[in-house]
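Please model the complete structure; the sequences and the hints are all you need to start from.
Those protein sequences? They're chains A and B, same order as listed. Our numbering puts the first residue of the first sequence at 1, with every later residue one more than the last. Our numbering puts the first residue of the second sequence at 1, with every later residue one more than the last.
Think of the hints as simulated: they come from the structure by calculation, not from any bench. Since the structure is predicted, the reported quantities are computational estimates derived from the model, not experimental observations. Think of the CB as a built atom: it goes at the ideal place given N, C-alpha and C, for glycine as much as any other residue. Hints may be right or wrong, so weigh each one.
[To be verified] Derived, one-sided and incomplete: chain A residues facing chain B with beta-carbon distance under 10 angstroms:
| # | residue |
| --- | --- |
| 1 | G46 |
| 2 | L49 |
| 3 | P52 |
| 4 | C185 |
| 5 | D190 |
| 6 | R192 |
| 7 | Y193 |
| 8 | D227 |
| 9 | I228 |
| 10 | E259 |
| 11 | E271 |
| 12 | E595 |
[As the list claims (entries may be wrong)] Covered stretches of chain B (in silico footprint by chain A; criterion: 3 or more residues with CB under 8 angstroms from a CB of chain A, positions within the stretch not fixed):
| # | region |
| --- | --- |
| 13 | 4-17 |
| 14 | 121-133 |
| 15 | 168-180 |
[Stated by the list, open to error] Here are the simulated distance ranges between beta carbons:
| # | chain 1 | residue 1 | chain 2 | residue 2 | range |
| --- | --- | --- | --- | --- | --- |
| 16 | B | L4 | A | K178 | 30 to 36 angstroms |
| 17 | B | E22 | A | G313 | 23 to 29 angstroms |
| 18 | A | Q240 | B | D179 | 37 to 43 angstroms |
| 19 | A | L215 | B | V109 | 55 to 61 angstroms |
| 20 | B | P129 | A | G166 | 52 to 58 angstroms |
| 21 | B | Y28 | A | Q240 | 21 to 27 angstroms |
| 22 | B | E22 | A | E115 | 28 to 34 angstroms |
| 23 | B | G122 | A | H517 | 53 to 59 angstroms |
| 24 | A | R536 | B | A17 | 33 to 39 angstroms |
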Amino acid sequence: MVDAARHPKIDIRTYTEVERVEGFVGNFKVKLVEKPRYVIGKLCTGCGLCAPVCPIEVPNEFEEGLGPRKAIYVPHSQAVPLDYVIDMDNCIKCYKCVDACGKLQAIDFSQQPKERWEEVGAIIVATGFDVFDPSEIEEYGYGKYENVLTAIELERLHNSTGPTVGQLVRPSDGKTPKNIALVQCVGSRDARYNLYCSGFCCMYTIKNAVLLKDLYPDIDITIFYMDIRTPSKGYEEFYQRARERGIRFIQGRPSVIVENPESRNLYVRVEDIGLGRAIEREYDMVVLSTAAIPRHDIEKLGEAITLTRDASGFYMEYHPKLKPIDTPMEGVFIAGAAQGPKDIPASVSQGSGAAARAARILTSDKWQIEPIVAYVWSDRCWEAQGKKCGICVDKCPYAAISIEPGKGAQVQPAICHGCGACVAECPHNAITQLHFTDAQVIAQIHALMRHDPESKIMAFMCHWCSYGGADTAGTSHFEYPASSRGIRVMCSARMDTDFVLEAFRKGAGMVLVSGCHPQDCHYITGQQHAAKRFERLARQLERMGISPERFRVEWISAAEGAKYAQVIREMDETLRALGPEKIHEENEKVRPELERRLKHLSQIPHVAEVLESEEKHAELAPA
Amino acid sequence: MPNLRQLDPNFSKEVLAEPGGESLLLCYSCGTCVSACPVQWMNERYNPRRLIKMAVLGMREEVLSNPVIWYCSACDLCYRKCPQKIHISDLMRAFCNLAQRGGHKPPRVAARVNERTCVACGLCAEVCPYKAIELVNKRVLGQGKVVAQVNEFLCMECGICAASCRSGSIDVADFADQDLADRIKGWVEGDLLPVEAQYER
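And the structure:
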């Protein structure tokens with residue numbers, strides 16, 4: 001940390017919050033709010049004369065409340081920068097510290113929060129984690145029994161810079177405990193609180209046990225665990241060493257901890273799985289290895305930067321295997337426990353990776369993006385005409401669209417990922433996606449449905465999953481009927497309801513809409529928009545008079561080649577069962593309604609030409 | 001040692017299909033239920049974790065003919081603490097239902113109603129925590145009469161009905177008023193009755 005602080009190219013801003021982030025990759029603007037320290041950093045030498053004269057003592061957060069601190073303090077002795085700060089919630093403004101500071105005049109009670117905007121090229125979010133509060137778990141009695149501690153509290157209790165200067169004592173009577181129970185998985189791997197495994201508790205518990213065994217060779221240590229998880233390099237050997245040192249490992253999750261009110265010792269009741277019997281033992285001290293949970297302000301920062309979060313509440317990476325450091329926001333990276341609980345080596349690796357990914361951006365003059373971004377025809381946009389709409393802004397999973405007064409919706413191409421959700425959702429057809437324009441897709445529909453459409457299946461597929469699924473079906477030689485005709489778009493969100501209606505107007509026998517499974521969608525919420533849209537459309541089609549089995553929506557992943565083949569087989573069977581006459585009859589019946597609904601198509605730029613040339617084709621075609 | 005070839009691989013599916021048995025496969029054997037269980041405290045043979053493991057393995061007969069599956073008192077102390085939110089009392093009920101259909105009976109004597117003195121006030125049916133008692137029409141001594149009837153599969157021998165019966169018409173085996181009086185006498189005088197010794201851990 002000290003090295004980083006001295007580095008000419010590293011600027012550390014402590015006690016500062018990120019309020020807002022604007023812009024895009026390479027050109028971010030960040031609004032920072034620097035909270036007042038009431039001590040001028042440049043003048044404070046960290047001499048420490050102010051703290052002893054301060055009359056206020058409050059629990060020290062760094063010591064987990066086990067020791068005191070003054071109202072003017074440094075968070076801990078290795079803090080960078082080593083500047084004092086006044087805790088205004090507890091300061092009584094006696095100004096004794098001002099006198100103690102003397103000629104340095106480093107204390108300034110008039111400081112106010114400072115707002116400022118900074119320009120940066122890339123952002124790395126490494127905000128870490130919080131620790132689960134075990135007092136929620138009634139049966140363990142944390143907060144009720146003094147000698148039940150968390151592992152972090154234990155760490156402070158045997159740390160030589162801790163509140164007891166390295167002496168392990170139990171809080172109730174200050175005596176050194178003779179036997180300690182360490183309980184694993186407190187608040188993690190527990191469906192009542194957090195389902196995930198925090199991952200590093202097994203190792204730090206074993207570390208604590210070995211350390212205590214070194215400090216107090218006679219101490220009796222028992223670790224209660226469900227599973228010991230030590231999968232990294234050298235970890236299993238460390239676990240082995242702990243066993244050799246005589247640390248007792250008992251498989252079993254304690255169901256209750258009860259205090260003896262006289263001795264303040266604790267009875268732990270647990271089933272020893274190896275033994276197959278419930279046992280109860282008395283301990284001087286019980287230490288709970290608590291879960292790592294997302295930071296309390298993770299949501300606020302996530303909203304400022306537009307970061308998504310996973311089911312556990314941690315920041316979501318762009319892809320769990322291939323882009324574990326990137327986020328859906330290009331130029332924003334995540335590292336460490338902000339992405340999910342992880343230990344020090346993993347955090348260091350991810351931090352280094354994030355720095356390298358960020359350097360790639362900072363050293364480039366130009367940044368290449370896929371040429372498939374959305375484009376707004378301002379003359380068609382309602383917002384440009386002063387009418388309220390804003391649907392595209394709501395639907396964009398990346399917050400790439402903003403409304404500018406007079407100009408209408410504006411797409412920021414550097415943020416746009418090209419899913420096409422806005423294109424399909426725009427009720428006024430004012431947005432298009434380059435290389436996937438309405439005209440292009442409709443021309444494809446026409447070409448594929450030109451001959452004998454009643455015996456064909458029109459399949460719309462998303463680029464990442466279902467197109468991959470169809471590909472897998474082919475490369476794996478899964479047989480399916482040759483009646484399907486596919487059109488690829490980037491995401492199921494791009495599939496306009498007009499495409500389905502146009503396919504039916506052209507006489508398609510069946511229409512399949514397919515995309516990623518909801519959790520696999522490569523465009524965050526793209527699949528969800530599509531799912532909602534086609535659920536609605538299915539009802540409308542049925543009301544119009546199209547048999548419900550003729551329109552199908554399926555979520556198929558790239559690995560599910562067999563499922564794709566199965567879906568096409570089933571649809572082909574249904575198609576044959578219905579027969580071309582029935583389909584033709586249905587199509588003729590709904591044609592006027594479809595034509596009425598598709599009247600607006602010719603208004604969309606370039607689509608009219610496509611429709612015209614298709615009519616010519618129809619005239620030229622042999623009867 | 002269970003012979004793996006004799007295991008019934010479909011038994012776990014059967015349990016999963018039984019109402020209450022849906023969460024069978026979620027258990028990861030942490031043993032919280034066992035050490036939380038007051039029944040286990042009194043009788044070590046009742047080990048819900050082991051029963052779940054046996055069912056997952058497919059030890060059909062060993063589970064269904066095991067008398068301990070009927071021991072769960074549905075106090076749900078384990079359910080509150082289970083990290084997988086498995087409703088163990090429901091699971092045990094599912095085992096019992098399968099056992100009953102397989103022709104097994106609970107290893108206990110249900111509460112007995114003295115039908116001659118029962119006045120069908122319905123108090124016992126109301127207080128029974130297991131809904132094991134209902135009022136039925138029966139022929140008693142050649143005459144039609146409404147009396148309380150105990151469902152032997154549901155009765156847990158708790159004795160709440162016996163204590164609440166105003167006409168003294170219900171008794172629980174070994175815990176009739178006279179038995180209890182004898183036992184208190186035995187405690188005072190210092191020697192255990194045979195029935196008491198049976199309940200020693």
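Consistency of the hints with the structure:
Violation of the interface hint for G46(A) is found here, the shortest Cβ-Cβ separation to chain B being roughly 46 angstroms, above the 10 angstroms cut-off. Taken as an interface hint, L49(A) does not check out: its beta carbon lies about 51 angstroms from the nearest beta carbon of chain B, beyond 10 angstroms. Nearest Cβ of chain B to the Cβ of P52(A): about 48 angstroms, over the 10 angstroms cut. The hint is violated. Here the hint on C185(A) is kept, as its CB sits about 7 angstroms from the closest CB of chain B, short of 10 angstroms.
With a cut of 10 angstroms, the hint placing D190(A) at the interface with chain B holds, because the nearest CB-to-CB distance is about 4 angstroms. Contact between R192(A) and chain B, as hinted, is supported at the beta carbon level, the nearest pair being about 7 angstroms apart and thus within 10 angstroms. Taking 10 angstroms as the C-beta contact cut-off toward chain B, the hint placing Y193(A) at the interface holds, the least distance being around 9 angstroms. The beta carbon of D227(A) comes within 8 angstroms of a beta carbon in chain B, closer than 10 angstroms, and the hint placing it at the interface holds.
The restraint placing I228(A) at the interface with chain B is violated, with a minimum CB-CB distance near 13 angstroms, outside the 10 angstroms limit. Because the smallest distance between the Cβ of E259(A) and any Cβ of chain B comes to about 17 angstroms, over 10 angstroms, the interface hint for this residue is violated. For E271(A), the interface hint holds, since its Cβ comes within 10 angstroms of a Cβ in chain B; the closest pair sits about 3 angstroms apart. Checking E595(A) against chain B: minimum C-beta separation of about 51 angstroms lies over 10 angstroms; hint violated.
With 0 residues bearing a CB less than 8 angstroms from a CB of chain A, the region 4-17 of chain B misses the requirement of three and the coverage assertion fails. Residues of the region 121-133 of chain B with a Cβ under 8 angstroms from some Cβ of chain A number 0, which does not satisfy the need for three, so the listed coverage is violated. Note: the region 168-180 of chain B has 0 residues with beta-carbon separation from chain A under 8 angstroms; the three-residue rule is not met and the coverage is violated. One distance hint, 30 to 36 angstroms for the beta-carbon pair L4(B) and K178(A), is violated here, with the actual separation near 46 angstroms.
About 27 angstroms separates the C-beta atoms of E22(B) and G313(A), a value consistent with the hinted range of 23 to 29 angstroms. Between Q240(A) and D179(B) the beta carbon distance is about 57 angstroms. The supplied range of 37 to 43 angstroms is therefore violated. The beta-carbon spacing between L215(A) and V109(B), approximately 59 angstroms, falls within the hinted interval of 55 to 61 angstroms. The hint said 52 to 58 angstroms for the Cβ distance between P129(B) and G166(A), and at roughly 55 angstroms that hint holds.
Between Y28(B) and Q240(A) the beta carbon distance is about 23 angstroms. The supplied range of 21 to 27 angstroms therefore holds. For the pair E22(B) and E115(A), the beta carbons lie near 55 angstroms from each other, so the given range of 28 to 34 angstroms is not met. Taken as a hint, the range 53 to 59 angstroms holds for the pair G122(B) and H517(A), whose Cβ atoms sit roughly 55 angstroms apart. The hinted window of 33 to 39 angstroms between R536(A) and A17(B) holds, with their beta carbons roughly 36 angstroms apart.
In the structure shown, a violation is registered for the earlier hints numbered 1, 2, 3, 9, 10, 12, 13, 14, 15, 16, 18, 22, in ascending order.
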